[in-house]
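**Student:** Take a look at the letters that make up each chain.
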Amino acid sequence: MKNAITPEAAADLIPSGAVVMIGGFMGVGSPHRLIDALVAAGRGELTIIANDTARPGFGIGRLISAGLVSRVIASHIGLNPDTQKGMLSGAIAVELVPQGTLAERIRSAGFGLGGVLTKTGLGTLAADGQRIIEIDGEEWLYAPPLAADFALLHADRADYNGNLTYQLTATNFNPLMAMAAKTVICEPREILPVGAIPPDAVDTPGVLVDHLIRRAA
Amino acid sequence: MKNAITPEAAADLIPSGAVVMIGGFMGVGSPHRLIDALVAAGRGELTIIANDTARPGFGIGRLISAGLVSRVIASHIGLNPDTQKGMLSGAIAVELVPQGTLAERIRSAGFGLGGVLTKTGLGTLAADGQRIIEIDGEEWLYAPPLAADFALLHADRADYNGNLTYQLTATNFNPLMAMAAKTVICEPREILPVGAIPPDAVDTPGVLVDHLIRRAA
Amino acid sequence: MIYAEEIIQQRVARELHPGTLVNLGIGLPTGVSRFVSPEWGILFQSENGIVGMGARPPEGMEDEDLADAGGGFVTAVPGSATVDSAFSFGLIRGGHLDATVLGGLEVDEAGRLANWMVPGRMVPGMGGAMDLVTGARRVIVAMQHTAKGRPKIVPVCTLPITSTRRVTMIVTDMAVIEPTDDGLVLRERAPGVSVEAILGATAARLIVPTDIAEMQFLRIAV
Amino acid sequence: MIYAEEIIQQRVARELHPGTLVNLGIGLPTGVSRFVSPEWGILFQSENGIVGMGARPPEGMEDEDLADAGGGFVTAVPGSATVDSAFSFGLIRGGHLDATVLGGLEVDEAGRLANWMVPGRMVPGMGGAMDLVTGARRVIVAMQHTAKGRPKIVPVCTLPITSTRRVTMIVTDMAVIEPTDDGLVLRERAPGVSVEAILGATAARLIVPTDIAEMQFLRIAV
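Chains as they are written, first to last, in the numbering used here: chain A, 1 to 217; chain B, 1 to 217; chain C, 1 to 222; chain D, 1 to 222.
Derived from the structure by calculation, the hints contain no laboratory data. Just to be clear, a hint being listed does not mean it is correct.
[Claimed, not checked] Output of the computed footprint for chain C on chain A, the stretches with three or more beta carbons under 8 Å from beta carbons of chain C: (1) 18-27; (2) 78-92; (3) 95-101; (4) 123-132; (5) 160-170.
Think of the CB as a built atom: it goes at the ideal place given N, C-alpha and C, for glycine as much as any other residue.
Based on the provided sequences and hints, a complete structural model is requested.
**Tutor:** So, in structure tokens, the structure goes:
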């Protein structure tokens with residue numbers, strides 16, 4: 001059984017300089033209350049691993065706009081001019097990773113695998129400085145596993161075992177990140193009694209989740 | 001929309017010598033009517049990729065007992081003495097693969113990846129003749145993707161788009177195999193109208209499924 | 001301009017195969033769906049996690065959990081399925097996607113597409129584009145033939161390429177061009193556009209067969 | 001023999017940490033769950049795809065879709081979750097499983113376990129054993145100290161090993177032994193079993209500290 005804590009208490013767990021995965025795709029399926037608490041707590045020098053940095057002032061974009069992020073690993077920053085500016089000025093180190101490779105790198109860490117072999121990015125800038133592994137005469141781009149200190153997730157429903165369900169396209173990177181961070185904090189829309197979510201409906205088993213965020217008052 | 005065909009019509013699609021993945025774990029979640037039709041059709045020299053070969057006369061064990069299988073790639077054959085006898089006598093070529101590696105090899109093929117890097121099996125017989133890849137001074141065992149001509153699956157529910165849902169531990173290898181074979185044939189318990197399975201409940205999107213098997217008369 | 005986009009979208013729609021899975025890029029490619037009849041049984045994938053994406057919902061019926069890859073609200077068609085990001089790209093990379101339709105900044109004589117960055121100026125990131133171009137069974141580039149009068153079909157891409165893979169087809173407001181072993185072959189011209197005009201607006205070498213048919217369109221009510 | 005098994009199972013139960021995920025191998029290890037109180041909040045994983053496996057159901061309440069890794073009928077506890085085989089082994093390999101309890105054919109002085117084949121005679125396959133021994137945070141071997149009087153704890157495994165990894169602990173009907181950098185250390189003796197008897201039944205070199213406590217058991221009603 002897991003106690004549900006406040007967003008503030010959760011933000012207190014995260015030190016400056018932490019490597020933080022955040023679920024969501026252009027803010028859809030991001031833990032917005034947790035992000036707000038993190039902005040309020042003012043932890044800086046964060047490394048953010050996420051699909052994108054949303055828009056200025058929205059979702060992960062709030063952390064960027066607040067100047068709390070020194071490094072981003074993402075597949076797309078095109079809809080957030082602040083991140084692009086930060087990248088071009090050198091204020092934010094941005095590593096761009098093809099979206100499917102990013103997903104597999106996170107999964108690889110969470111699943112205890114040694115990395116990803118993909119064709120995606122071969123012969124492009126995405127392969128610069130990366131290792132190419134030849135297998136039976138075919139070239140594959142190697143991409144290492146990607147883990148984090150914290151994963152901040154959104155979910156639709158949780159139970160007090162920490163079991164999670166996601167809804168529609170708010171799923172995206174959340175279940176992958178749930179496997180890949182030392183401490184997993186999830187902000188569900190609602191928390192149900194244990195047993196109320198049938199086993200086949202669970203997307204992320206509760207053993208992976210360390211803290212649940214209380215419902216908004 | 002997919003027409004539902006009989007098990008016999010499905011078996012007719014599968015030639016002797018085919019490489020066939022079959023879902024299930026000790027027969028739980030295996031497509032039993034399809035297997036029966038395949039036994040009746042008498043196609044021989046099959047390569048079977050599956051977690052196990054169940055028991056003599058049950059599930060995949062029926063194909064073994066009928067002498068239709070010349071090669072097995074599985075993680076466990078211990079509860080089927082017929083497979084063990086076939087292996088020791090040389091009648092059946094058996095490749096034993098650690099279960100987690102088997103699952104990832106199948107997924108790797110279906111997901112367009114170049115194979116699996118795992119610690120499992122390093123320094124054991126499972127590594128014999130396999131490639132070891134060193135990454136940052138650490139050794140990983142490389143295991144190649146595993147694809148098939150056919151995947152024969154069980155599901156709990158389907159709709160006429162071919163969307164599938166699995167139930168409890170009858171899930172196992174079925175969703176992985178649905179990605180990894182040229183032709184995917186599924187035997188669901190029931191087939192519902194399109195729209196009756198909500199999008200979040202779908203485990204395998206219908207675009208992956210080529211043929212559904214009609215309900216038993 | 002809108003007319004130009006519609007020409008491209010209508011022509012691309014004809015390339016889609018009934019009953020298959022198709023990914024439409026954000027922007028011009030998204031509009032291809034307007035010219036696709038529901039009867040064709042085509043399912044649209046959005047790489048953020050849905051197979052069977054539908055049109056924008058009526059005002060007031062948006063759901064914050066259901067969006068396309070640009071973050072815009074969409075609907076889900078009956079018989080759709082939602083998946084996580086790893087699965088979504090498994091569909092793409094694993095060859096389960098019949099076609100992807102993508103915008104382009106440049107395409108070159110080797111049929112290579114550049115569509116994800118302009119060094120020093122625009123660095124949006126590749127998002128799903130590299131996976132799509134690498135993994136889809138067919139890659140259809142849908143773009144204006146020129147940008148501010150400058151040809152976008154060039155001898156060799158000057159911008160960073162998205163993949164070394166040769167795309168399947170280029171559809172512009174002026175022409176349909178097919179990259180082949182021999183180079184770029186002009187296949188069709190848009191209504192009222194001459195071969196000479198196409199050659200004049202193309203920096204790459206074009207192979208021009210004797211008969212260049214005019215683009216045909218399906219009659220789909222918009 | 002049943003008494004011997006219970007000693008092992010009861011002693012192993014004490015090693016499990018409240019609120020964690022644990023995988024019990026088929027056979028002797030399965031019985032460990034009899035000595036685990038529901039209050040501990042331990043969830044049992046079965047690698048065929050369930051987190052939160054419960055006991056065998058009453059006659060007539062079996063479900064053909066709910067079985068353990070041996071194919072036997074089980075139940076699902078409230079708050080359980082089902083997963084596919086890739087996910088199940090992601091939990092195992094990714095270090096999300098706190099402990100695995102496995103039977104053994106041999107364990108050697110390096111703490112290496114052999115438990116998946118006897119060449120030429122018994123080739124069941126490794127199933128999930130290699131992943132479990134490689135990936136679980138702690139590996140507990142639960143086995144009889146000897147087989148037909150022959151020691152199973154040996155200088156060097158004669159049977160093919162399951163993993164090069166050193167297991168965390170060996171619990172037998174005679175002793176608790178901990179593999180360390182220095183070798184196998186005797187930690188506890190079963191009630192009424194002398195250190196001499198343990199040494200006599202062990203082929204491997206055992207390090208014997210001065211004080212060897214007797215195994216303690218929790219009082220769990222069975």
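**Student:** Take the hints in turn and mark each one as holding or not.
**Tutor:** Taking the hints in turn, this is what the structure says about them:
no.	hint	verdict
1	18-27	holds (count 3)
2	78-92	holds (count 5)
3	95-101	holds (count 5)
4	123-132	holds (count 4)
5	160-170	holds (count 5)
Checked against the numbered hints above, the structure violates none of them.
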